[in-house]
Structures are given as C-alpha cells and as structure tokens.
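Visitor: Per our numbering: the sequence shown = residues 11 to 198.
Simulated from the structure, these hints should not be mistaken for lab results.
We put the CB at the ideal spot given by N, CA and C, even for glycine.
Any given hint could be a false lead.
What the hints assert, rightly or not - Pair by pair, the computed Cβ-Cβ distance ranges are:
1) Thr20 / Gln49: 18 to 24 Å
2) Glu54 / Gly75: 26 to 32 Å
3) Ala172 / Phe13: 31 to 37 Å
4) Pro80 / Tyr25: 37 to 43 Å
5) Pro18 / Ala172: 33 to 39 Å
6) Arg114 / Gly46: 17 to 23 Å
7) Asp137 / Gly93: 37 to 43 Å
8) Glu40 / Gly75: 38 to 44 Å
9) Gly35 / Leu136: 34 to 40 Å
10) His124 / Glu40: 24 to 30 Å
11) Asp29 / Ile76: 16 to 22 Å
12) Pro18 / Asp140: 27 to 33 Å
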Amino acid sequence: LDFVSFEPVTREDYYRIHDRAYVDGVFTLERSNGFGTRQADVVEALRYTSGSMRAAALAAWQRGGITVSPTSGFHHAGYGYGGGYCTFNGLVLAALAVLDAGARQLAIIDCDYHYGDGTHDILLRLDLYDQVRHWTLGAHSKGSERQVLAFGFVEAPRWVRAVLGERTVLEVRRLHLADGEPFARVTV
C-alpha cells in the first residue's frame, strides 16, 4: 500500500465548477458551507477532500489499477449552493481533471439514497453532459440502517469498458448495509 501526497485545490479550481461569488462567500465565511456553518477550518479541509478526490481520479486514469480517496460530501453541492453536508463538488472537479488529462468522455454513476442534484446542476450549467454522463441510482431502506464507508477507484469490468471506452475506471464511493442487504455507491 503506497500513500501518495497531493496538492489541495485552490479557489481558482473551484471557480471552474462553481459560481465565483459562492466560492468567495464560503472562503471569506460570509456564506454557510454545506454543513450549515461558517468555520475556517472546515473550508480549509474542503480543499484537501477535493484535492484527494482529484488526485485519486487522475492516478486511476493515468496508471490504472486501484486508487483510494477517503473522502465524501460532494453530490449535493451545486453551481451556486451547498447543502446536505456538501459544500464543493469534488466529483465534477475530478471529472474535469480527467477530461483535461485526455479523456474524451466519462460517467458519474451515483448510487445513493439521495439524488445527486448538485452534480446534475453543475453539469447542466456548464454544458458538460456531452462529455460527462451522470446517473443516480437510489435505494431505500425500511427500519434502521448501518453504513460502512469505503472509497476507491478500480478498473471497470469489460462490459462497462465496451460501452464507455477502454480507459474507464469505477470510483466506489460508499457501501450501505441496510437491513442486511449490501448496496454500493459507484462512480465511473
């Protein structure tokens, strides 16, 4: 197991996917973050969660194999807003990094209890749906649920690569165990 350093993202990186006034408002603590607070340490940590996601996606694209980013909290962050514990959308940021690295098209398949409304909002506003496809697959549980968090990038199965291309990678975002039934959140 190799631990690799990475660069945190900057405001300029966030400007690519979010409204400048929103980004500046969160960084100057004039606007609440996705957690509903105005804490400088949270804003600083967000630079690293998005940087980790971007680095892991790029490593998977460039070298293949399995890469891991122990982060979450992205898909409810839209172009000019945050919510649902999501302030900035590291999924779209990582997708843009992979496109910049040479990918022609990729997909984000978001399996979660909640729709990835922020991801959808950004992709529409930036007219990225020709390059980045986005699907949300949901599951619901009755009774109590137990979550085990697991994150990583793995090479896509042959049938997925046949549809999306040979260099397709999957990002496993979260494993939910609800009523004993496994459920994986996977992003391509």
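Visitor: Hint by hint, note whether the structure agrees.
Guide: Consistency of the hints with the structure:
1. Thr20 / Gln49: 18 to 24 Å: Because 19 Å falls inside the window, the suggested range holds.
2. Glu54 / Gly75: 26 to 32 Å: 30 Å, holds
3. Ala172 / Phe13: 31 to 37 Å: 34 Å, holds
4. Pro80 / Tyr25: 37 to 43 Å: 26 Å, violated
5. Pro18 / Ala172: 33 to 39 Å: 36 Å, holds
6. Arg114 / Gly46: 17 to 23 Å: Because 38 Å falls outside the window, the suggested range is violated.
7. Asp137 / Gly93: 37 to 43 Å: 23 Å, violated
8. Glu40 / Gly75: 38 to 44 Å: Hint holds: Cβ distance 42 Å, inside 38 to 44 Å.
9. Gly35 / Leu136: 34 to 40 Å: Given a distance of about 19 Å, which is not inside 34 to 40 Å, the answer is violated.
10. His124 / Glu40: 24 to 30 Å: Cβ of His124 to Cβ of Glu40: about 27 Å, so the range 24 to 30 Å holds.
11. Asp29 / Ile76: 16 to 22 Å: 35 Å, violated
12. Pro18 / Asp140: 27 to 33 Å: 30 Å, holds
Violated hints, in rising order: 4, 6, 7, 9 and 11; the structure is consistent with all others.
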